[in-house]
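Protein chains in written order, with the numbering used here: chain A, 1 to 383; chain B, 1 to 319.
Keep in mind that the hints were calculated from the coordinates and are not lab data.
A hint or two may mislead.
Restraint-style ranges between C-beta atoms, simulated for each label pair [stated by the list, open to error]:
1) B:K82 x A:F121: 35 to 41 Å
2) A:L75 x B:T111: 39 to 45 Å
3) A:P327 x B:I103: 37 to 43 Å
4) A:L202 x B:E93: 36 to 42 Å
5) B:K71 x A:E271: 47 to 53 Å
6) B:T75 x A:P295: 53 to 59 Å
7) A:K341 x B:R316: 49 to 55 Å
8) B:Y218 x A:A241: 55 to 61 Å
9) B:I184 x A:K341: 23 to 29 Å
10) B:E93 x A:A241: 28 to 34 Å
Positions of the beta carbon are idealized from the N, C-alpha and C atoms, including for glycine.
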Amino acid sequence: MTSAENILERPETPRRTRLQELWLLFKENRLAILGLVIFVLFFSTAVVGVILTSGEDPVFDPALIRLQEKLLPPLARPNLETLAHGEAPRLGVYLFGTDDLGRDVFSRMLQGAWVSLTVGFVAVGISVLVGIFMGGIAGYFGQSHIKNDQVIITVIMFAGVVLLGLGKEMAGVVLLLVGHASIVLLLVSKRIFRKRTPPKWLKMLHRNAISLDTIIMRLVDIMLCFPSFFLILTVVALLPASMYNIMIVIGLTSWMGTTRFVRAEFLSLREQDFVAAAKALGIGNFRIIFRHMMPNAIAPVLVSATIGIATAILTEAGLSFLGFGVPPPHATWGNILSDGKRFIFDAPWLTWIPGTAILIVVLCFNLFGEGLKDAMNPKLREK
Amino acid sequence: MFSFIGRSIIQKTITLFFVSVVSFLIIHLAPGEPSQVDPLNPKFTPEMVERFKKEFHLDKPLYMQYIYFYKGLFTGKIVSWKDNQSVLLKIWERFLNSLPLFIVGTILTWTLSFPVGIRSAIFRGGIYDRSATFLAYLLISIPGFFFAYILIILTVTVLHVPVIGMETFGLSTYSWPPVFMDRIWHLLIPSVLGATGGIAVLSRYVRSQMLEVEGQDYVRTARAKGLSSEQVHYKHALRNALLPFVTMFGLILPGLIGGSVIIESIFSWPGMGRMAYEAILARDYPIILTVNFISAVLVLAGTFLSDLLYLVVDPRIRL
Chain A
1 MTSAENILER PETPRRTRLQ ELWLLFKENR LAILGLVIFV LFFSTAVVGV ILTSGEDPVF
61 DPALIRLQEK LLPPLARPNL ETLAHGEAPR LGVYLFGTDD LGRDVFSRML QGAWVSLTVG
121 FVAVGISVLV GIFMGGIAGY FGQSHIKNDQ VIITVIMFAG VVLLGLGKEM AGVVLLLVGH
181 ASIVLLLVSK RIFRKRTPPK WLKMLHRNAI SLDTIIMRLV DIMLCFPSFF LILTVVALLP
241 ASMYNIMIVI GLTSWMGTTR FVRAEFLSLR EQDFVAAAKA LGIGNFRIIF RHMMPNAIAP
301 VLVSATIGIA TAILTEAGLS FLGFGVPPPH ATWGNILSDG KRFIFDAPWL TWIPGTAILI
361 VVLCFNLFGE GLKDAMNPKL REK
Chain B
1 MFSFIGRSII QKTITLFFVS VVSFLIIHLA PGEPSQVDPL NPKFTPEMVE RFKKEFHLDK
61 PLYMQYIYFY KGLFTGKIVS WKDNQSVLLK IWERFLNSLP LFIVGTILTW TLSFPVGIRS
121 AIFRGGIYDR SATFLAYLLI SIPGFFFAYI LIILTVTVLH VPVIGMETFG LSTYSWPPVF
181 MDRIWHLLIP SVLGATGGIA VLSRYVRSQM LEVEGQDYVR TARAKGLSSE QVHYKHALRN
241 ALLPFVTMFG LILPGLIGGS VIIESIFSWP GMGRMAYEAI LARDYPIILT VNFISAVLVL
301 AGTFLSDLLY LVVDPRIRL
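One chain only, chain A, in its complex shape (with noise of 0.2 Å):
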């Protein structure tokens, strides 16, 4: 065997695996990189900010009121002769200063991380969530039709529970009886007329009315028309005030382009050969989505979620902003920020601690996003 022909034969592995080639792009992207020790400094405060203003006897209190001590300037010592035992700043001095009720900028600013960076994950984690499964479906079973049959027994069953919510129980029963005796009868015929053919009534009954792929897009038509943040306000604003529910709202809220790019994704893959060649295989649906296809269509959607997770950030801010969101003793950096506008000219460190605060993180976010982004462009790649 000549040395030529050992070339073409063996199978030649890449110098480097994609993962490597990722970071030495990402590498070049020094404002990435920035953003990326950002997020990581960030992201240790908010932990360690959490154990330290918890419990019952925090090293860091947020809640503790010196109105004595109310609105002192970032740095300033503690007048220690009219504080009690244990009412001292751990620090020595306020670092952050002090609000007009006298509790620790730096404690709240600590407690208000955690809100932040749980508000941020936990809602692009529900969005992306909610994303891949619609634009999955509407991927790669996009083509298959409801039948007309399905629609009305849908309709039947969704009224019957509708008017037993309501509290008429007669007739929502009735309603639910006559679905699932609809749903008997058409197993049935469709037993009957396997051989035979079926009757002209049977046959509109069967036909295609809706595929899966329009209704899952209309949907998100539906939802694009909705202004979002005044949608996300109005919602807040009508349940009950608390972390959870902001983050539901936003991140039900938030899905539809995800959605949009994992369906263009599947649409794309699914005629790859590999998708093909696992199906030949007799593998099952769900494995060729999980295990084939959604690596491949991954990457793109957790960049946009890297910028997700800025916007979640700011909306939650804006919201504890306008008064809504975790309920009030909790600290949050919108809400410093909006306690401290009453005093915007005497004690402007209100504003401004919060402000750059939120500023930082949602700039590290952008920028790392951005720089992900870069780093997989496949035209960049090339050079």
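Assemble chain B onto chain A, guided by the hints.
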């Protein structure tokens, strides 16, 4: 062409119907009764609550309420639950207040982002491009309310100009130049705030469009022919890069009714956004639903308009 128009009008009407149903359900199925908004008020006796419910059809089943509401909306008879005034009139009044903010903001966005984006693209990778990029990220990331307070602190302490509200209280007796300048100052800062995000996003978009076109073969041909760089950039590249922006004119339509809630409440600007915010606080369902409906109409009309514009501008698209 006509079949496209007909099809999309039908499709958009169906979408609009579902939007109206969904928004109605969201608002009415949320916990809390609109009649219970002020339980501590001694004047709010059970009889009053009954009368209130009867007057606004709240005792009817949900689908009847839906029909009553949209019948009222289309005949223009719908009234606010709080002061019994016509909702459409109230919205029109507030719309006229928000309109100057919108116009100035849009003009600022579209006039500033193009030069910035084009220059970034031409001098790609230079110091100007890098600083413009960083500034754009900064403007995208800054929370609107924080930026608002920075601008307020600056203008009030450095320039000594009052900025809250639509005009300075008690200034109307003076002659017109100070009044005019006063109006301009009050208008300028909220519009700049409203435009910042738009400028940042749009200038990035202009830059990437320009870069894409500059990489095309016909631009290289133009350069190889020995054309001056002005002609290459502005005649050959820019004209083709402009194509997607024509369609974006349709997409600014929804901004008409949006009116930023946060900016308007900081500046005590009696516009649409603040009215919607107050309506949410007071659980004034007719106003919330009407604002929602109008904005959905504008979103749909905007996408329709941008599709049509694309058809007109781009000869490659034939339906």
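Enumerate the violated hints, using their earlier numbering and listing them in ascending order. 4
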